[in-house]
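Novice: Here is what each chain is made of, one letter per residue.
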Amino acid sequence: MNNINASYISPVARRRAKRWFIPRIIIIGGGATIAQFYLPWWSLIISAFILAFFTAPLNRSPFWAGFTGLFLSWGVLAFIIDIENNSILSSRVVKLFPIPESSILLILVTGIIGGIIGGFSAASGDAFRRIWMRE
Amino acid sequence: MSKKTLKFLLLLLITVGLAWPYSFKTGDLPPIGKFFSPFEGFWQQAEKSDINLPRNIKFAELHDAAEVVYDDRLVPHIFASNDHDLYFLQGYVTASHRLFQMDLQTRAAGGRLSEIVGEKALKLDMEARRIGLKYGAEKAIDYVMKDSVLKVIVQSYSDGINAFINQLTYSSLPLEYKLLDFKPEAWAPIKTALLLKYMANTLTGYETDFEYTNAVKLLGYDTFISLFPEYPDTLLDPIIPKGTPFPTADDSILPKISFRPGEHDVAVTYPFEKPASEFGSNNWAVSGSRTASGKPILCNDPHLSLNLPSIWYEIQLHSPQSNVYGASLPGSPCVIIGFNDSIAWGTTNAAMDVKDWYNIEFKDSKKDEYLFDGKWKKTEKVIEEFIIRGSDPVYDTIIHTLHGPVAFDEKYNSGQETVNRALKWTAHEASKELMTFYLLNKADNYADYDEAMKFYQCPGQNFVFASAGGDIAMRQQGKFVHKAHEQGRFIMDGSIKETLWVGFIPDSANPQALNPEQGWLSSANQHPTDESYPYYYSGTYEYFRNRRINKRLSEIENAKIEDMMRLQNDNFNLYASEILPLMLEALNPNEIKSNELTPLNLLKQWIFFNDPEEKAPVYFEEWWKLLNESIWDEFKDQDRRLVMPGYFETIRYIKRFPDGVLIDDRRTPETESLKDLINLTFHNAIEKVDDWKKDHESLSWANYKSTSITHLTRLPAFSIKNIQNGGNKSIVNATSENKGPGWRMVVSPGDAGQAFGVYPGGQSGNPGSVYYDNFIDSWTKGSYYTLLLLKPHEQHQRILHITSCSP
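Quick note, the sequences are listed as chains A and B, same order. Read in the numbering used here, the first sequence has 85 at position 85, and its numbers run on one by one without any break. Read in the numbering used here, the second sequence has 218 at position 218, and its numbers run on one by one without any break.
Please keep in mind that the hints were generated in silico from the structure rather than gathered at the bench. Keep in mind the model is a prediction, meaning the values are calculated, not measured. There could be a bad hint or two in this list.
[Unchecked claim] With a Cα cut of at most 30 angstroms, we get these calculated DSS-like pairs of lysine-lysine:
(1) B:3 - A:95
(2) B:694 - A:95
(3) A:95 - B:693
(4) A:95 - B:120
(5) B:48 - A:95
(6) A:18 - B:791
(7) A:95 - B:781
(8) B:3 - A:18
(9) B:123 - A:95
(10) A:95 - B:183
(11) B:675 - A:95
(12) B:694 - B:217
(13) A:95 - B:34
(14) B:636 - B:693
(15) B:4 - A:18
(16) B:625 - A:95
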């Protein structure tokens with residue numbers, strides 16, 4: 001094992017990384033969601049960073065795990081709020097931006113905005129861990 | 001540094017770099033992370049469709065238990081056991097629905113918009129301070145706080161607003177704060193005074209001193225006076241019925257000089273935004289002798305800018321002292337237009353000129369002294385600070401003279417000649433208009449109304465009144481200047497003492513009428529009186545709505561509530577009926593092109609109603625507008641500020657002087673006769689409408705006029721466009737492109753359940769609420785809601801929610 005090139009990933013490790021992709025999304029997304037219910041929105045940066053740090057050995061796609069986790073965190077909550085509101089607000093707010101006037105699109109944009117910062121936060125946390133991690 | 005460290009640092013840098021625009025405003029973009037977060041950003045303003053209001057609230061400030069009952073239109077009905085608690089809760093509840101509006105309007109009045117939107121509002125802010133809105137508000141609030149009754153009202157209202165502000169978190173902040181990224185500041189009584197001065201400014205825009213001075217220089221006095229007479233020679237239908245006796249005036253104190261423009265009155269541009277002179281209103285009261293029920297009916301529809309949130313907020317205020325329902329102004333306690341179980345009242349604007357400009361001659365550029373009555377008098381300088389978001393503060397020195405603040409000088413003059421003009425305005429005087437509304441709220445009869453009027457100074461209003469006891473009354477109330485002939489009609493010389501205001505018209509001499517023989521009283525911004533009124537006054541008056549209303553009121557016997565509603569929504573175009581036949585007559589049949597035949601036939605068959613689905617008013621209004629512009633071209637192509645004669649004077653001029661010198665359109669080489677212009681503008685109008693048709697779907701008056709109700713930030717996203725409503729300015733239903741009847745009320749006082757009203761908006765200022773715009777459809781169609789004057793603990797099927805409040 002010691003003589004293996006650093007960039008080489010064994011098939012076993014690759015399968016394990018794939019298996020842990022969805023759980024990692026749930027851990028980062030869920031953890032950040034809980035934090036945001038009690039703390040300001042930027043708590044997601046810290047929680048995604050920390051959770052990606054701890055889950056680094058399990059999976060190698062921190063950006064997409066963080067992105068998807070926070071995309072869902074923001075997107076699903078926005079979707080629920082929008083349903084309960086009959087899209088009254090979203091149909092107006094969407095007109096503030098140069099995008100087609102669709103509530104669904106505004107929900108997607110919301111998810112993407114959450115996803116991007118979530119993705120980079122998770123990627124940072126993951127990369128921080130990997131400075132010391134032996135692979 | 002290893003590759004891994006580098007990768008980490010790079011990712012961290014991106015994350016932090018992203019966190020910046022996510023947390024802070026960049027350009028016009030709100031902080032996108034904060035704003036979009038569904039946990040605390042704009043999504044939090046999405047209200048659930050079944051409204052989520054608290055069952056109980058505790059307020060340390062309350063003296064006693066109280067209740068806020070919301071009806072199904074989200075109108076709060078406040079039941080309190082004393083004045084303090086009543087106005088505390090009015091402040092709290094109003095702020096909970098309209099905080100941003102209250103904040104924005106009072107910032108505009110205080111000249112503090114730049115603090116939230118930056119440099120682009122600086123000019124507007126300087127203007128507000130220069131014309132003395134803050135100056136007047138400060139004087140007024142000092143005076144108000146000396147009154148033991150008003151002090152409690154204003155202070156507890158303010159405390160109520162602060163109780164709401166203090167419990168706000170970022171998540172619960174109104175949407176506009178999130179979008180513009182600022183926080184509400186604490187409310188204070190001065191803000192209520194600022195709001196009332198702001199209204200005073202909106203409603204006393206009927207000052208045309210600059211325009212008239214310029215017009216006299218341009219046209220000569222004789223032509224000027226024929227176009228802008230103080231009283232028209234025909235068709236005058238004043239507010240106070242002709243033949244009503246007036247007290248005599250003591251004119252011996254008046255100066256005996258001529259006030260016509262002199263040599264010093266150089267023509268200059270006018271740097272201020274002027275409140276539109278189309279702001280107007282209708283109100284009337286019909287006595288029981290002319291109604292089907294035998295009880296009086298009172299109607300009122302004030303016309304202001306159509307905005308969201310609406311300028312009006314409906315409320316019921318109940319305490320052992322009073323029980324009133326009506327339209328309130330967010331930012332001011334009490335009901336402004338409304339009714340209780342004994343009386344009803346309403347207001348329209350008195351268009352009297354109470355703003356006068358004086359020319360000031362300074363000794364030198366230091367402006368420490370100015371010439372008055374042969375001596376140099378000391379000025380007083382006030383330095384105003386303007387805090388500007390994203391840039392350094394700006395300072396402006398405002399110079400005060402005995403003629404008021406020098407609002408207009410070379411610093412504020414678009415780089416023109418050195419001219420200094422001071423503004424003398426009744427809104428600069430200490431006053432307590434709020435007392436009038438407080439007393440009207442709890443008035444029982446005519447004597448109470450009469451008492452309430454004494455406190456009212458500015459802006460001058462026509463207060464219509466009706467009581468369950470059967471009285472109807474009208475009074476033009478305000479502090480009006482006792483003027484010599486033409487005093488204040490033009491810019492005045494500030495260096496002589498003869499131009500000073502010598503006093504005010506006594507309250508008892510203000511135009512008024514009680515129970516006239518004709519059985520009704522009405523006002524629609526027309527002349528308050530005929531020429532027999534002994535005091536000199538001038539203003540900008542309206543000549544169409546009043547005549548239509550009076551004609552209908554004289555025709556309708558046994559008036560019912562529905563008749564009154566129909567009259568408020570009346571689209572009859574009186575000016576069209578008085579000029580279109582002449583215009584059609586003048587058309588040369590040989591020059592009509594084939595595509596003009598259909599419009600021509602529509603016009604010929606039109607019975608003068610500007611109804612929403614009609615096509616004829618489109619052609620007429622466009623034709624009439626173009627004709628006005630080509631006749632009054634003299635007023636357009638000047639570098640000086642001028643005002644065109646109104647429709648009434650235009651029609652009069654055309655009929656009397658078809659060959660008048662002003663008719664010719666000097667913008668063209670040919671000399672046109674009236675007939676030429678009518679023909680030319682007809683072809684042009686059809687062409688313009690045809691152009692419009694190319695990129696619009698269906699031609700109708702509503703689509704062409706395209707009334708919109710604009711959000712206070714002017715953001716199209718929160719505005720409602722293309723309202724399908726008829727009317728126009730100078731029509732009883734005065735709905736123009738962006739102004740119109742912002743509150744319609746029809747009440748039969750004392751006849752329980754006979755109170756109706758509607759306004760084009762909704763109780764909530766939140767664009768994420770179903771109550772944001774839910775009245776607009778009813779308003780557009782001309783239908784009304786029954787207004788509930790609830791009794792304490794009354795069970796009513798329209799009650800939506802009850803919040804119990806306890807100390």
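Novice: Each hint should be assessed against the structure and marked as holding or not.
Specialist: Going down the list of hints, with the structure as the test:
The hinted pair formed by residue 3 (chain B) and residue 95 (chain A) fails the criterion: a straight-line CA distance of about 45 angstroms is larger than 30 angstroms. Our distance criterion of 30 angstroms between C-alpha atoms is met by residue 694 (chain B) and residue 95 (chain A), whose separation comes to about 25 angstroms. Between residue 95 (chain A) and residue 693 (chain B), the direct Cα distance comes to roughly 26 angstroms. Compliance with the 30 angstroms bound is thereby established for this hinted pair. For the hint linking residue 95 (chain A) to residue 120 (chain B), the alpha-carbon distance of about 23 angstroms falls within 30 angstroms, and the restraint holds.
Between residue 48 (chain B) and residue 95 (chain A) the CA atoms are separated by roughly 21 angstroms; this keeps the pair inside 30 angstroms, and the hint holds. A hinted pair counts as satisfied when its Cα atoms are at most 30 angstroms apart, and residue 18 (chain A) with residue 791 (chain B) does not qualify at roughly 68 angstroms. With a CA separation close to 27 angstroms, the supplied pair residue 95 (chain A) and residue 781 (chain B) stays within the 30 angstroms bound. About 24 angstroms separates the Cα atoms of residue 3 (chain B) and residue 18 (chain A), which keeps this hinted pair within 30 angstroms; it holds.
For the given pair, residue 123 (chain B) sits about 29 angstroms from residue 95 (chain A) by alpha-carbon distance, which is consistent with the 30 angstroms threshold. About 24 angstroms separates the Cα atoms of residue 95 (chain A) and residue 183 (chain B), which keeps this hinted pair within 30 angstroms; it holds. For the given pair, residue 675 (chain B) sits about 48 angstroms from residue 95 (chain A) by alpha-carbon distance, which is inconsistent with the 30 angstroms threshold. A distance of roughly 44 angstroms separates the Cα atoms of residue 694 (chain B) and residue 217 (chain B); the hinted pair therefore is violated under the 30 angstroms criterion.
Taking the CA atoms of residue 95 (chain A) and residue 34 (chain B), the gap is near 19 angstroms; set against the 30 angstroms cutoff, the hint holds. Distance check on the hinted pair: residue 636 (chain B) and residue 693 (chain B) sit about 28 angstroms apart at the alpha-carbon level, within 30 angstroms; holds. As the CA atoms of residue 4 (chain B) and residue 18 (chain A) are separated by approximately 22 angstroms, the hinted pair is consistent with the 30 angstroms bound. Pair hint residue 625 (chain B) plus residue 95 (chain A) does not hold up; C-alpha atoms about 34 angstroms apart against a cutoff of 30 angstroms.
Checked against the numbered hints above, the structure breaks hints 1, 6, 11, 12 and 16 and satisfies the rest.
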